[in-house]
Every structure is written in C-alpha cells, then in structure tokens.
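Participant: So you can see what is in the structure, the chains are spelled out below.
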Amino acid sequence: MAQAETNRRSRPKFVAYLVPLGAVVLALAIGAIMLSLLGANPVEGFRAMLDGAFGSGDALIETALKATPLLFVGVGITIAFRANVINIGGEGQMVAGALLATALALALPDLPAVVMLPTVLLAGIVGGAAWGAVPGALKAYYNVNEILSTIMLNVVAVQLMNFLLRGPMIDPGELERGTRIPQTARLQEGADLPLLFGNGRLHIGPLIAVLAAVAAYILLWRTPLGFRVRAVGLSPDAARYAGIPVKRTIVLAMTMSGAMSGLAGAVLVFGSESHRMVTDGSTVGFTGSAGFNGIVAALFGGLHPIWTIPASFMFGGLLVGGIALQRAVQVPSALIMALNGLVVVFVVASDRWKKRLQEQPARVDDTATDGPVLEAVVDDGGGGP
Amino acid sequence: MLEMRGITKRFPGVLANHRVDFTVNAGEVHTLLGENGAGKSTLMKILYGLYQADEGEIFLSGERVEIHSPTDAIAHNIGMIHQHFMLVETLTVAENVALGLPSNRGLRTDLDAVSERIEELAGRYGLAIDPGAVVWQLAVGQRQRVEIIKALYRDAQLLILDEPTAVLTPQEVDQLFVTLRQMTDDGRGLIFISHKLHEVLALSDRITVLRQGTITGQVPVEGATRESLALMMVGRQVKLAPDKPPVEIGEVALEIRGLSVMGDRGDKAVRGLNLEVHAGEILGIAGVSGNGQREMAQAIAGLRQATAGSIRIGGVETTNHTPADVRKNGLAYVTEGRLRDGAIADFSVSENILLIDHTDKRYLKRGLLDFKAIKEHSLRLVDEYAVKTPTIDTPAKNLSGGNIQKMILAREMSGTPTVLVASQPTRGVDIGAAEYIHKRLVQQRAENTAIMMISEDLDEVFALSDRIAVIYEGQIIGIVDRQTATREQIGLMMAGVRPE
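In the order they appear, the protein sequences are chains A and B.
Every letter in the first sequence is one number past the one before it in numbering that gives the first Met the number 0, and letter 166, counting from 1, is 165.
Every letter in the second sequence is one number past the one before it in numbering that gives the first Met the number 0, and letter 112, counting from 1, is 111.
Think of the hints as simulated: they come from the structure by calculation, not from any bench.
For clarity, every value in this text was computed on a predicted model and none was experimentally measured.
Misleading hints may appear alongside valid ones.
[As the list claims (entries may be wrong)] Only pairs whose alpha carbons sit at most 20 angstroms apart, straight line, appear in this in silico EDC-like list of lysine to aspartate or glutamate:
hint	chain 1	residue 1	chain 2	residue 2
1	B	Lys438	B	Asp465
2	A	Lys353	B	Asp345
3	A	Lys246	B	Asp356
4	B	Lys374	B	Asp359
5	A	Lys246	B	Asp324
6	B	Lys396	A	Asp236
7	A	Lys354	B	Asp345
8	B	Lys238	B	Glu254
9	B	Lys327	A	Asp236
Take the sequences, apply the hints, and build the full model.
Facilitator: Pasting the structure below:
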C-alpha cells in the first residue's frame with residue numbers, strides 16, 4: 000500500500016543517519032561480551048580504544064592518516080553506487096594506481112618536485128581508473144556481474160604487484176645484497192607528500208581526500224554528468240528513453256570510482272614513512288583492507304560523499320583504537336579483527352533499516368493528489384475513462 | 000443475495016471506504032464505478048476476504064457472514080475474476096480448473112471427470128474451450144474463459160469481475176456480455192467493475208458510483224448517461240470528448256516504410272509496417288495490446304533495433320539512431336510505462352523535467368547546473384500543465400498517476416516537437432487528468448505537431464483521432480477516416496479481419 004507508507008508519520012531525516020551509529024554501538028556491545036569472555040575488562044578496553052583513537056594530537060593524526068584511504072575509496076564507492084554499480088574492486092584499484100604511480104616515479108627520477116608530485120598522483124588516478132573502467136565496460140557492454148569481475152581483478156592486481164616488486168621494479172640494492180625483499184628503492188623526494196605542519200607525520204593526504212569528497216559532491220549534484228550518473232542509477236530505462244547514453248555513463252562512473260581508489264593507492268605510497276612501495280605478498284599487506292573498509296565507510300556515510308568524511312574518520316578511529324585496546328587489555332589481535340568484522344556486518348545489515356526509514360517521504364500535502372492514490376498502485380494498468 | 004452494510008476501511012491516513020452500503024440481487028449485474036483510488040478494489044477485496052473491514056457487516060442470503068480469506072469467500076460461493084489472470088501457464092485448462100480442489104479419487108487426480116464438467120459448463124454458457132489445451136497456448140480472450148469456468152466450476156453464485164474487458168476486442172466484449180447475461184439468467188449475481196462508461200451502460204442493471212471512498216450515486220441503468228455517470232465519478236461536469244477545431248493537414252512528418260522489429264522473446268513483433276503521420280493530425284492506433292504497438296513505438300524512438308525498413312522524422316532518416324539523436328530530430332515520446340521509463344520515481348519533479356535537456360545551455364552556467372534557470376523552467380511547466388505537486392522538489396513517486404503523466408507530457412511537449420508518439424496517454428489516469436491531457440494533445444495538434452496516439456481504449460481513439468489505423472500482428476491492417484469509421488468496423492480489424 001503506497002499510501003499506507005506515505006502517510007505514516009514522517010520522521011526527521013537525521014533519524015535515518017543515526018541507524019549506522021546504532022549499528023556500531025550494537026557491534027561494540029557484542030565486542031564487550033567477547034572481551035568479558037576472554038577475561039578482559041570491556042570498560043577499560045573501550046576507554047583505551049577511545050583514547051588511542053581520539054585522545055591526543057598524535058592519536059588524531061594517526062586516525063586521520065588511517066582514514067585517508069578509506070575516504071578516497073569511500074568517495075569512489077558513492078559515485079559507483081549512485082550509478083547502481085557495486086564496486087568491490089577498491090583493493091585492486093588501489094594497487095593498480097599505486098603501481099603506475101610508483102613506476103612513473105621510478106622511471107622519471109629527474110623531474111622537478113613541482114611537476115613530480117602532480118604527475119605521480121595523476122598516474123595513481125589513471126592506474127585506478129583503468130582498473131575500474133574494465134569491469135565497468137564488461138558490465139555495460141557484456142552484462143558481466145561487476146561484483147565478480149572487480150573481485151577477480153583484485154586478485155590479478157595483487158599478482159601483478161608481486162611480480163613487479165619482485166622483478167622489474169625491485170630495489171637494485173636488494174639484488175646486490177641478495178636479500179631480495181620485494182620492495183622498490185626509496186622513491187625520489189620530490190614525490191613525497193608535503194607535511195602539513197613542517198615536521199611530524201601529518202601529510203597533505205587527508206586534505207586531498209576531503210577535497211576529493213567535496214569534488215565528488217559537486218560532480219554528483221551540480222554537473223550534468225553527475226545528473227546522468229544518478230539518473231542511470233535510479234532507472235536505466237528512463238535514462239535511456241531520455242537520451243542518456245546509459246552504457247557509457249556506467250563505464251564512466253566505474254572509471255571515476257576506480258580513479259578515487261587509485262589515488263588512495265598513490266597517497267599510501269608517497270605518504271608512507273619508508274617512501275617506497277612494499278609488498279608482503281598479499282593485497283592486505285599493502286592496502287590494510289582499505290579497499291573493503293572504504294565501502295563500509297561509504298555505507299556508514301549514507302553513500303553521500305560529504306557524510307563519508309566523518310564516517311571515514313570514525314572508522315579510521317576504530318582501526319587505530321583497536322590496536323590500543325589490544326595493547327591495554329592484552330587480548331589476541333584476532334579479536335580486533337573480529338570486532339572490525341562485527342562493525343562491518345552490523346553497518347552493512349543496518350543499511351536496509353536505514354533505507355526503510357528514508358523511504359518514508361514527508362507527508363504529502365493533500366493538494367498533491369487528485370484524490371487518494373490508494374489504488375493507483377494496486378490498479379496498475381487500469382483502463383482510462 | 001449480497002448485502003454489505005456500512006463498510007468502513009481505513010488505511011493509515013486514508014479513508015478507503017466510508018460507510019459503504021452495497022447490495023446485489025440474484026440475477027442482476029451491479030456495476031461498481033469509480034476512478035482509481037475511489038475504493039472499488041478495496042470494497043471487493045473486503046468481500047473476497049483479502050482485507051478485513053474496520054466497520055460494517057456482510058450478509059449473504061440474509062445471513063451474517065465473516066469472510067477472513069479467499070477460501071472463506073469461495074466456500075460462500077463467491078468467485079472473483081481478476082484483471083490479471085491467475086493461471087498456471089504450463090498446465091492444461093482442466094489442471095488449472097482442478098487446482099486446489101480435492102479429487103474424488105483421494106490422492107490421484109481425476110481429470111477426466113473435471114474435463115467432462117468443463118465441457119458441460121462451456122456448452123451451457125457458450126465458452127468454447129478445449130479442456131486439454133495448455134494455457135500458454137491460449138489467446139487472452141480464451142484465458143479469460145478459463146477463469147470464468149474456474150469460478151463456475153466452484154459453483155460461484157456471486158461473481159466479481161474486475162475490469163474484465165480491458166484486454167478484449169469489441170467483438171470479444173460482446174461475446175463476454177452474452178455469457179454474463181446467461182449467468183444472470185441462471186440466477187447468479189454479478190459485480191462488474193469497469194472504467195468504460197459505454198460498457199457499463201450496455202451491461203448493468205444498477206450502477207453504484209464511488210468517489211474517494213464514499214458512495215456518490217446509486218442509480219438504475221435506465222436514465223443514466225455517460226455524462227451523468229462521469230459527473231458522479233468526478234464531482235463536476237466533464238467533457239468526455241474535447242472540442243477539435245479544424246486544422247490544416249500538413250506534410251508527412253513521420254514516415255515509416257517496411258519496418259520490422261523483434262519483440263522481447265525474439266519473435267517478429269512488427270513485420271513490414273507502413274505508416275505516415277502528417278503535421279497537424281492525430282493518428283490513432285487501435286489494436287489489442289501485444290500486436291506490436293510497443294515495439295513499433297520503441298523503434299521510432301530509437302530504443303529498439305529495427306531489423307528492416309526505414310523511419311523518417313521531418314524528412315530526416317532516423318532509423319536505428321540513438322534515442323538522443325532521434326529526440327534532436329524532433330521526436331517526443333510519451334511511453335506507456337509512466338514510472339518504468341517515462342519518469343524516475345525517486346527524482347524530483349524538477350529533475351524529471353530536466354531529464355531530457357540537462358545538457359541544454361539554458362540550464363548550465365560555467366559547466367554546472369544552473370538551478371535558478373532550472374527552477375524557473377520547472378515552475379513554468381508545472382504551472383502551464385496544471386501539475387498538482389506541493390513543490391517542484393517533491394519526488395515524482397509522491398504524485399498521482401495523472402499528475403505524473405501531466406509532468407511527462409509537459410516535459411515532452413516543451414520543445415514543440417515535430418512528431419509526438421503518445422502511448423496509452425491516459426491509462427490508469429483519473430478522468431480529470433485524462434480530460435486535461437486530451438485537451439493538450441488537441442492543442443499540440445493545432446501547433447502542427449504530428450501526433451501518433453496508441454491506445455487500447457477505443458473511446459479515446461474515437462474521441463481524438465483524425466484517422467484511425469488498426470495494428471494487427473505487427474502490421475497496419477487498415478486505416479479509416481474518423482468521420483466514416485464505426486466501432487464494428489474497427490473491432491473487426493482489431494480481430495484481424497482485413498477490410499474490403
């Protein structure tokens with residue numbers, strides 16, 4: 000009954016935004032039970048967690064740095080999701096972006112710093128964009144499920160990374176010493192991300208990420224391209240009928256989504272303390288699962304680029320605080336992973352509730368209809384007068 | 000035999016039925032008339048046990064009954080023929096009829112006995128049907144007969160017919176009415192639900208009109224006219240046919256030559272179709288649904304591949320061009336699926352209006368959408384086309400069907416198109432909105448747009464067209480001038496009989 004839904008008392012919009020917050024609280028509550036079962040004091044644990052994430056300047060910086068790749072990926076996710084494409088390939092796109100950016104930094108060591116940084120960041124964008132465009136095109140033109148293709152491209156990307164970092168891109172010093180650690184040489188200093196406060200650890204990465212989120216917001220709600228992306232996402236049939244090139248728009252959305260992840264990868268390399276790209280053989284070793292956690296941050300932020308900013312920061316805090324919690328109450332690190340997993344499951348599952356809350360539109364003024372539209376839905380296709 | 004007394008049904012925020020009294024006598028056809036949302040379906044769903052009334056009582060043959068489910072309803076000999084058939088396509092007629100009934104032979108089916116009884120019923124009511132035929136092979140009219148037989152087999156004394164004529168040709172309608180009359184002669188009571196006023200007048204004994212959940216009139220068929228019924232339905236005088244000032248017919252604006260198009264199932268939906276529509280005329284396309292109308296319209300709009308033939312709009316070849324390109328050449332298209340492809344439910348009115356020209360320079364400022372210009376444009380169209388909406392930022396899904404249709408029409412006509420293809424422009428729309436849409440179509444005709452109006456509603460085709468073309472199995476089987484056309488002639492063509 001459309002009308003039954005429509006006329007239920009409307010709630011303020013922000014209630015819907017509280018749902019993921021509630022989901023986090025519930026996940027933490029279950030985490031508290033797990034902590035108690037392990038003989039640890041959950042209050043003490045969570046206090047350490049909060050303190051470790053937001054308790055000091057250093058903690059906040061750590062959290063911001065941790066949140067940065069989440070925010071890039073999350074923003075990319077919002078773009079893809081608006082086109083109704085589910086991009087699970089953030090991990091692979093991060094790796095692809097990082098690889099191309101690193102390769103360029105290695106290949107052009109003599110570029111002046113002013114040119115270097117923009118060039119390599121752009122390379123990151125291009126690498127990730129390419130890695131996103133492929134599944135986008137496969138979906139648009141060959142109807143290949145994007146969830147499968149993006150996950151598979153994650154696997155391809157990690158193998159490519161292992162090959163390149165063990166072979167063509169490996170630090171010559173490693174070969175000389177015979178240690179053969181799969182990592183590149185220290186990249187040119189011109190490619191280091193500038194630090195925000197002269198010294199310390201906070202580089203401009205978080206700032207770029209926030210700018211990217213704002214840019215994505217403008218793109219989606221202020222430009223014709225974003226309008227097309229949203230139209231295609233909500234109704235490909237109506238979009239096609241209105242003359243919008245649906246397939247091309249899907250590919251573009253995935254390309255932009257991948258570009259964001261690629262930028263995350265590049266920022267991860269050039270903002271790292273070692274200033275080189277290293278692999279431990281797995282994607283997680285490089286990305287820290289940001290390609291997946293970014294999806295959660297985006298869902299947490301209601302698939303809205305601006306809301307994804309605080310959501311990423313909070314989720315980054317959860318990751319940083321988890322380590323503090325583990326140290327404080329001496330629980331196995333697996334518990335922290337379980338805790339993060341719980342948060343992911345709860346937030347993703349709560350999305351359904353949130354949608355239900357959002358789908359109750361504000362009460363429509365009586366003038367909106369020529370009479371009750373109760374049967375307009377039931378009587379779909381009824382004859383005219 | 001039936002008496003519903005003081006039925007009230009509330010849905011949150013809506014009074015769907017308000018103290019409705021409704022009776023049916025044995026041997027009569029009592030019609031329930033009203034617009035979408037007037038509460039007809041709710042009342043019938045209460046009778047059939049799909050809803051429970053909040054207040055009121057139901058009496059059958061003077062006895063008070065509680066109907067909690069369709070099973071109860073069937074046990075009380077109430078049958079319902081739904082608008083959308085409830086048949087299992089892969090089973091035979093006999094199997095469909097027997098479905099859900101206990102067999103005389105325990106766990107084994109007893110289809111021979113069922114078939115015999117079907118043939119007996121079919122013979123008595125003129126419902127020619129083969130009990131062994133598999134349902135998917137049957138035509139729409141035949142499937143409806145199966146539904147009726149299903150109800151008769153269960154010995155329904157009171158039959159609810161929910162828009163049974165929507166899918167039939169005029170001849171099939173006549174045949175159905177004969178059958179229905181035979182059923183009332185046997186003392187059964189029928190409840191007939193329809194929008195089509197001339198059918199209501201042809202079949203009914205009594206007519207009850209509902210508006211916004213309340214009865215606004217209960218009259219015998221004698222003395223009722225289409226105008227008087229429309230007045231009760233809408234609450235004001237309605238012009239059922241718009242005034243059509245003469246317009247000079249211009250050049251050919253839409254020219255279709257030998258067009259062939261595939262349907263969704265890879266079948267040939269349109270086969271070598273030829274048609275011309277001139278500037279300043281409304282060409283009505285009549286035909287039973289599923290004869291290639293949708294595929295033809297989609298091919299014209301560039302939404303479906305033409306496998307052969309050519310389409311020219313304003314003299315320019317547009318066959319298999321992109322939808323955007325076809326639009327650029329002056330085509331506007333009002334689809335039959337309002338919220339499927341005509342508009343985006345979750346987009347606001349303003350965004351829906353912007354849909355076809357969001358790249359237009361008028362609505363852009365330094366590459367960004369110019370919301371001030373967009374707002375002005377939307378407000379102007381909403382105002383000009385009398386779209387009732389609280390604001391232009393309201394999501395389209397919160398509007399009534401008629402207002403969504405007006406919004407789509409406003410958008411499509413805003414560029415003064417060379418050719419307008421309007422598919423089922425008023426289906427499921429309330430009378431007031433339909434009246435308005437008809438008026439706008441006639442206005443557009445005066446502005447020299449060539450209009451192709453595809454409709455399954457013959458009243459609409461007759462009210463608006465200058466010429467009427469009948470589509471049958473993907474071809475135009477005949478074109479007649481509105482002035483000389485008769486319903487019988489069109490009906491025969493709809494059934495595939497070629498004119499002399």
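Participant: Does each hint hold? Answer for all of them.
Facilitator: Here's how the hints hold up against the structure:
For the suggested pair Lys438(B) and Asp465(B), the alpha carbons sit about 15 angstroms apart, so the restraint of at most 20 angstroms is met. Restraint check for Lys353(A) and Asp345(B): satisfied, since their Cα atoms lie roughly 16 angstroms apart, inside the 20 angstroms limit. Of the pairs offered as hints, the one joining Lys246(A) and Asp356(B) holds, with about 19 angstroms between alpha carbons and a cut-off of 20 angstroms not exceeded. The hinted pair formed by Lys374(B) and Asp359(B) meets the criterion: a straight-line CA distance of about 14 angstroms does not exceed 20 angstroms.
Proximity of Lys246(A) to Asp324(B) is assessed by CA-CA distance (about 16 angstroms); at most 20 angstroms being required, the pair is judged to hold. A threshold of 20 angstroms between alpha carbons decides the hint, and for Lys396(B) with Asp236(A) the separation of about 16 angstroms falls inside it, so the pair holds. Distance hint between Lys354(A) and Asp345(B) is fulfilled; the C-alpha atoms sit about 13 angstroms from each other, no more than 20 angstroms. Taking the CA atoms of Lys238(B) and Glu254(B), the gap is about 33 angstroms. The hint is violated against a cut of 20 angstroms.
Distance check on the hinted pair: Lys327(B) and Asp236(A) sit about 19 angstroms apart at the alpha-carbon level, within 20 angstroms; holds.
Checked against the numbered hints above, the structure violates only hint 8.
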